[in-house]
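Please build the complete structure, drawing on both the sequences and the hints.
The listed protein sequences derive, respectively, from chains A and B. Using numbering that gives the first Met the number 0, the first residue of the first sequence is number 0, and each one after it goes up by one. Using numbering that gives the first Met the number 0, the first residue of the second sequence is number 0, and each one after it goes up by one.
Don't take each hint at face value.
Remember, identical chains collapse to one label, so a pair may be satisfied in a single copy or spanning two.
[Said to hold, decoys possible] Mimicking DSBU-like on lysine-lysine, the simulated pairs with C-alpha atoms at most 35 angstroms apart in a straight line are:
1. K148 <-> K124
2. K124 <-> K105
3. K58 <-> K363
4. K108 <-> K1
Since the hints were made in silico from the structure, they are not lab data.
Number of protein chains: 2
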Amino acid sequence: MKFNSELDDIVTYEGGKPIELVVREFGIKEEDVIKLASNENPNGTSLNVIEAIKEHASKVSIYPDDSMYRLKDSLAERFRVESENIIIGAGSDQVIEFAIRAKANKNLKILTAGITFAMYEIYAKQIGVEVVKTNSITHNLDEFLTIYKNNRDEIGIIFLCLPNNPLGESIPTREVYKFISEIDSDTLVVVDGAYQEYAIFKDKKYEVVPSDLIDRFHNVLYLGTFSKAYGLGGMRVGYGIGQKSIIDVLYKLRPPFNITTLSIEAALTALEDEKFVEDSLRLNFNQMKRYEEIADKNQIDYINSYTNFITLIFNEKYSSKEIADILLREGIIVRDLTSYGLNAIRVTIGQPRQNDRFLESFEKILLG
Amino acid sequence: MKFNSELDDIVTYEGGKPIELVVREFGIKEEDVIKLASNENPNGTSLNVIEAIKEHASKVSIYPDDSMYRLKDSLAERFRVESENIIIGAGSDQVIEFAIRAKANKNLKILTAGITFAMYEIYAKQIGVEVVKTNSITHNLDEFLTIYKNNRDEIGIIFLCLPNNPLGESIPTREVYKFISEIDSDTLVVVDGAYQEYAIFKDKKYEVVPSDLIDRFHNVLYLGTFSKAYGLGGMRVGYGIGQKSIIDVLYKLRPPFNITTLSIEAALTALEDEKFVEDSLRLNFNQMKRYEEIADKNQIDYINSYTNFITLIFNEKYSSKEIADILLREGIIVRDLTSYGLNAIRVTIGQPRQNDRFLESFEKILLG
Numbered sequence: 000m001k002f003n004s005e006l007d008d009i010v011t012y013e014g015g016k017p018i019e020l021v022v023r024e025f026g027i028k029e030e031d032v033i034k035l036a037s038n039e040n041p042n043g044t045s046l047n048v049i050e051a052i053k054e055h056a057s058k059v060s061i062y063p064d065d066s067m068y069r070l071k072d073s074l075a076e077r078f079r080v081e082s083e084n085i086i087i088g089a090g091s092d093q094v095i096e097f098a099i100r101a102k103a104n105k106n107l108k109i110l111t112a113g114i115t116f117a118m119y120e121i122y123a124k125q126i127g128v129e130v131v132k133t134n135s136i137t138h139n140l141d142e143f144l145t146i147y148k149n150n151r152d153e154i155g156i157i158f159l160c161l162p163n164n165p166l167g168e169s170i171p172t173r174e175v176y177k178f179i180s181e182i183d184s185d186t187l188v189v190v191d192g193a194y195q196e197y198a199i200f201k202d203k204k205y206e207v208v209p210s211d212l213i214d215r216f217h218n219v220l221y222l223g224t225f226s227k228a229y230g231l232g233g234m235r236v237g238y239g240i241g242q243k244s245i246i247d248v249l250y251k252l253r254p255p256f257n258i259t260t261l262s263i264e265a266a267l268t269a270l271e272d273e274k275f276v277e278d279s280l281r282l283n284f285n286q287m288k289r290y291e292e293i294a295d296k297n298q299i300d301y302i303n304s305y306t307n308f309i310t311l312i313f314n315e316k317y318s319s320k321e322i323a324d325i326l327l328r329e330g331i332i333v334r335d336l337t338s339y340g341l342n343a344i345r346v347t348i349g350q351p352r353q354n355d356r357f358l359e360s361f362e363k364i365l366l367g
Numbered sequence: 000m001k002f003n004s005e006l007d008d009i010v011t012y013e014g015g016k017p018i019e020l021v022v023r024e025f026g027i028k029e030e031d032v033i034k035l036a037s038n039e040n041p042n043g044t045s046l047n048v049i050e051a052i053k054e055h056a057s058k059v060s061i062y063p064d065d066s067m068y069r070l071k072d073s074l075a076e077r078f079r080v081e082s083e084n085i086i087i088g089a090g091s092d093q094v095i096e097f098a099i100r101a102k103a104n105k106n107l108k109i110l111t112a113g114i115t116f117a118m119y120e121i122y123a124k125q126i127g128v129e130v131v132k133t134n135s136i137t138h139n140l141d142e143f144l145t146i147y148k149n150n151r152d153e154i155g156i157i158f159l160c161l162p163n164n165p166l167g168e169s170i171p172t173r174e175v176y177k178f179i180s181e182i183d184s185d186t187l188v189v190v191d192g193a194y195q196e197y198a199i200f201k202d203k204k205y206e207v208v209p210s211d212l213i214d215r216f217h218n219v220l221y222l223g224t225f226s227k228a229y230g231l232g233g234m235r236v237g238y239g240i241g242q243k244s245i246i247d248v249l250y251k252l253r254p255p256f257n258i259t260t261l262s263i264e265a266a267l268t269a270l271e272d273e274k275f276v277e278d279s280l281r282l283n284f285n286q287m288k289r290y291e292e293i294a295d296k297n298q299i300d301y302i303n304s305y306t307n308f309i310t311l312i313f314n315e316k317y318s319s320k321e322i323a324d325i326l327l328r329e330g331i332i333v334r335d336l337t338s339y340g341l342n343a344i345r346v347t348i349g350q351p352r353q354n355d356r357f358l359e360s361f362e363k364i365l366l367g
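Here's what the structure looks like:
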């Protein structure tokens, strides 16, 4: 059967290997596998969330309240915007998809950093949208601006992933604002803040305040997620914040009941437990120092990270693929970035004991 | 901001009103509201499912196993197909979306019954795909075939919703097979079996066996869901079954992690509790008789239903909108079909006590 030709050369997203797969493939006991590959919260999630899920477990036969008014109201209050400025997605991923399908097309490309979140490109390719990338792998706003100015009429969406996944860098908010102010009002700028909680904890100068952002720039869509700092990667809840005129159009692409009944309850409860998030952030950056020290000691390059992971970049002496493979056989799952064209691995900062194991194995591998 | 023009005149899907909304709008106590509007399972879900959710509640921080191999293996075993013949969707809805985006386009329309599941049209319109409908509101395969033969090159997908939502009719499988055998191998035929469990229980002659179907016809995609007989409407799990060549293409449109960690566990557990499903089906058709009797007694037309709902059609003496409004004020939510161009209401068959309340109120309304 013939299908639409846009699909011919689509790259499929490669998620972090799940623990089950390693158990199956290498016969390692489940409790001995540590997964530092998907930037999940190593603290799990708030105990209140787990209680809420148990409490609402018997409601799974009922479709979710598709208006999602309680969750939107809670987010609106948290971010000091109106409920009409918010759209809920099955992960912020889904809001990325809405944005691309609503604004980009065969004549309107998207512009991204050289290496950034893979789903921008995947969703674009699904509908035959071209992707323009900066030569710089990290976000270089000067280069973004030059490309934009030279191709103004051909670019529909600019994606800024701040902080950037899978590299970890971010950009001070002042510079971001300055950049956006140079962009035409008919170009959509998506500020993907999936890791913003981490950036804010590390350095307030990197904080993007959604209410402020969308007040100043009516062509901006801010994205947030419950998958990282809130520890709800398995529940698929994210959100977009923007002017009503943008949100209303994205709504036209939203499938009804796009998150589960339990996801709504989980997100609502997670939003109320600030202590859980703070503890997670503190642990993350305390533990990250250990990674930086080991890297420094062994002269391994890394990118200063504003996230819950660190990207270690190797010189020709090492192969990231080999390192990731050796670690995998020991039951330690990290993300090899070879498919991004980089001799590097991305490691999620884990619990102290997980980090112990990674760092010990890693140093051994480096020493050959 | 300008957006893609396909979105200009999109109809948004109108789900059944959630209980919370009625509580808010009419000040009725939550325990006094009965929702017979979304074809949820009035028995809830299997108690084993609720236990499984509680047991796995602490895993919500972990992304789902994106290979979903356990769920695919279970479904493959159940339906006697291979795992590679299966794709999992966030509800079968999502598989509908994949199919339309993969196969239909501005030159390849979709063909559906006059009144059928609203999402076919909504997903089509999102990408500017035209919808051709039979004049007959229920499935009339002769009319389908005539239209198809006259527009063979313009039709990319034929949707058969068997049994049909929101009307409830179905078609004997022999006739369905005969129809499909007349369709070109490059036209995709989607057999949406969301309510198949109910049809099979009522009359084996209406049973569509996916393995048989896809063996005979390599251009068919079968859809099933956990939202109805399995009582998992809130968890968003459905599936498509087809030849590998079709499934592989749909996979290119599947967002990673498209169902939640708990949805996988819930579906796996639900699949094992056949008694729950059987009890639900038995209750459904026992209770449906009561609806038919009241309708007969009051000379209200209805469509012979192979589902868990009944569609009551009114003559000019009554207005379905008014009837639905009066019921709503009493805390009874049903689906008015005015927006489908029908003076009718669709009522989910509920628990005996819910049906008591509906039938009593309904008769009172009929008697004015």
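Status of each hint after checking the structure:
1. K148 <-> K124: both (23 angstroms within a copy, 34 angstroms between copies)
2. K124 <-> K105: Close inside one copy (10 angstroms) and across copies (18 angstroms); limit 35 angstroms.
3. K58 <-> K363: between (50 angstroms within a copy, 31 angstroms between copies)
4. K108 <-> K1: This pair counts as both: shortest intra-copy Cα distance 26 angstroms, inter-copy 14 angstroms.
Checked against the numbered hints given earlier, this structure breaks none of them.
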